[in-house]
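Let the hints inform the model, and build the full structure from the sequences given.
Residue numbers (the numbering used here), protein chains in the order written: chain A, 47 to 303; chain B, 47 to 303.
Bear in mind the hints are in silico, worked out from the structure with no lab data behind them. You may find that some hints are simply not true.
The list treats identical chains as interchangeable, and a pair is accepted whether it falls inside one copy or across any two copies.
Unchecked claim - No farther apart than 25 Å at their CA atoms in a straight line, the calculated lysine to any residue pairs in the SDA-like style are these: (1) K265 with D239; (2) K265 with E253; (3) K265 with R208; (4) K149 with E261; (5) K149 with A87; (6) K265 with N277; (7) K149 with S97; (8) K265 with S124; (9) K265 with Y237; (10) K149 with C187; (11) K149 with R185; (12) K265 with Y211; (13) K149 with N90; (14) K149 with Q69; (15) K265 with I153; (16) K149 with R292; (17) K265 with T196; (18) K149 with S62; (19) K265 with D58.
Computed from a predicted structure; not experimentally measured.
Protein chains: 2
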Amino acid sequence: MQNDQRREFSIDYFLSAAECNAQQEMSLSLLAQRCIDIATAHANRIGAGYSRMLELGASWVLSRMTLEMIRMPRINESFAMTTWIQSVNRHFSERIVEIADAKGVAIGYGRLVWVGIDIVSRRPIDLTPIFSALEPSERACPIERQSRLTAIDQADETSMYRFRYSDIDFNRHVTSSRYVELMLDQWSLDYFDRNRVSRFEIAYLSEAHCDDVVEVRRKGDSRVQDLEIVNGGSVITRSRVTFVPRHTDGSMGCDAE
Amino acid sequence: MQNDQRREFSIDYFLSAAECNAQQEMSLSLLAQRCIDIATAHANRIGAGYSRMLELGASWVLSRMTLEMIRMPRINESFAMTTWIQSVNRHFSERIVEIADAKGVAIGYGRLVWVGIDIVSRRPIDLTPIFSALEPSERACPIERQSRLTAIDQADETSMYRFRYSDIDFNRHVTSSRYVELMLDQWSLDYFDRNRVSRFEIAYLSEAHCDDVVEVRRKGDSRVQDLEIVNGGSVITRSRVTFVPRHTDGSMGCDAE
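Right, here's the structure in full:
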């Protein structure tokens, strides 16, 4: 593999009809899933994947993900995703994913923060032994780092959900993209016809399991909503969703609804 | 495109960790989704896809799907899917999907029956105008056609579910693979540790929409279970799930649990 392919790794995609949401676009949960997939594939290729981590008795855990899109890939559209590592330190690696249209023009970015944890203690490990495999790229990413997501003291709306078999991943926890769906499911189909998500931030704080009954709490205004998924006393995820009205599609504008 | 690539169309896949279920295998709903995807991709390539159907004021609708697996693709496994049309008549096309391991050995099959419907009347159209694009292959498929799935008179178990935004597809109906998940979600994680689905049959009878509250009804023995998703008086899907204990993995055996 050439050095520049080690530093930056790309996959071409085609968005089939069957993969689209009701607005005939890529859903946010599929985008989240694809960002996780390409991060995993790149880590495997540079020798910093799950099998390398297993040699250290460790595993990668996604800690934070921020997705910001000028627009989503549309039905029957070809697009490409390119990923690179922006920075590493002893405890985490920050990875960028760029989503570009068929002409190579960027239409959005993801920022993913991965932590290496010890499989037994579930505590962060020192990533120094795999630093040599984690070569950061100089390439810039224009979107802001994740906001500090704080506790919701008094929710405007709450709902309950029980996780089921199909929500569970290979680690026997609720799958990362399922939380994205559960959060967006707090709004109606009609709301998504009129608005789109321009920025989505999620912090994964603890794990939910099959049959856990969780509370989804939200609070905010017509543009920015904070959400929490809570299982008894413990917070599973915190999230911030920024909506823009669809008539401003193509801009990152901040018009309220 | 060569004639044999028109007749039989293949895609290579790699099952990433993030795509796996709790048993570290491909989930049945992802398999269903991939079967729909490859069918769509092949139809597009031979000039019988959604855009050709739209010229006739029509669309493809999946009517029945039967999946039978010796085993599922496993975590980090390469596999291939190959599809061909087995038969066509005026009102439907029957398509086969073979799933093969990295050595080319078949590990399972799908049978999909697609109907062409008029977009306005929702009635079946005459497929004769696109017969020339639908060239059946001689290649055999070893799995049985779908059973006749009849009404469940007295259910053993029932549960309720409300469809949400993330369950909806580009047609603004509940997405085909979501019904597969909802049906399997009637069993526990532990049950799937001890048993796997060897055969899954589903008939799509009518459409469910966002915010529909449906009843999932099931009845059967430890090996074969029939399920219905019912919305008020109308049946949305009927399904039959055949389980085998996991200790017989690798056989198509009919041992009861």
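Structure-based check of each hint:
1. Proximity of K265 and D239 under a CA criterion of 25 Å is satisfied intra-copy only: 21 Å inside one chain copy versus 39 Å between copies.
2. In this assembly of identical chains, the alpha carbons of K265 and E253 lie at most 25 Å apart only when taken from the same copy (22 Å versus 33 Å across copies).
3. In this assembly of identical chains, K265 and R208 lie within 25 Å of each other by CA distance both inside one copy and across copies; the values are 21 Å within and 23 Å between.
4. Taking the shortest alpha-carbon separations for K149 and E261, neither the intra-copy value of 43 Å nor the inter-copy value of 47 Å comes in at or below 25 Å.
5. With identical chains, the CA atoms of K149 and A87 are at most 25 Å apart both within one copy (24 Å) and between copies (22 Å).
6. In this assembly of identical chains, the alpha carbons of K265 and N277 lie at most 25 Å apart only when taken from the same copy (18 Å versus 32 Å across copies).
7. With identical chains, the CA atoms of K149 and S97 are at most 25 Å apart between copies only, with a shortest distance of 23 Å across copies and 35 Å within one.
8. Taking the shortest alpha-carbon separations for K265 and S124, neither the intra-copy value of 36 Å nor the inter-copy value of 44 Å comes in at or below 25 Å.
9. Taking the closest pair of Cα atoms, K265 and Y237 come within 25 Å of each other only inside a single copy of the chain (16 Å); across copies the shortest separation is 38 Å, beyond that limit.
10. Proximity of K149 to C187 under the C-alpha cut-off of 25 Å is restricted to the intra-copy arrangement: shortest distance 19 Å within a copy versus 41 Å between copies.
11. In this homomeric assembly, K149 and R185 come within 25 Å of each other (Cα to Cα) only inside a single copy, at 19 Å, whereas the closest approach across copies is 40 Å.
12. For the homomeric pair K265 and Y211, the shortest alpha-carbon distance between copies (19 Å) is at most 25 Å, but the shortest distance inside one copy (29 Å) is not.
13. Taking the closest pair of Cα atoms, K149 and N90 come within 25 Å of each other only across two copies (22 Å); inside a single copy the shortest separation is 28 Å, beyond that limit.
14. Proximity of K149 to Q69 under the C-alpha cut-off of 25 Å is restricted to the intra-copy arrangement: shortest distance 23 Å within a copy versus 40 Å between copies.
15. With identical chains, the CA atoms of K265 and I153 are never at most 25 Å apart, being 28 Å at best within one copy and 49 Å at best between copies.
16. For a Cα distance limit of 25 Å, the shortest separation of K149 from R292 inside one copy, 23 Å, qualifies, whereas the shortest one across copies, 48 Å, does not.
17. Taking the shortest alpha-carbon separations for K265 and T196, only the intra-copy value of 12 Å comes in at or below 25 Å, while the best inter-copy value is 47 Å.
18. Within a single copy, K149 and S62 get their C-alpha atoms as close as 18 Å, which meets the 25 Å cut-off; across copies the closest is 28 Å, which misses it.
19. For a Cα distance limit of 25 Å, the shortest separation of K265 from D58 qualifies neither inside one copy, at 37 Å, nor across copies, at 44 Å.
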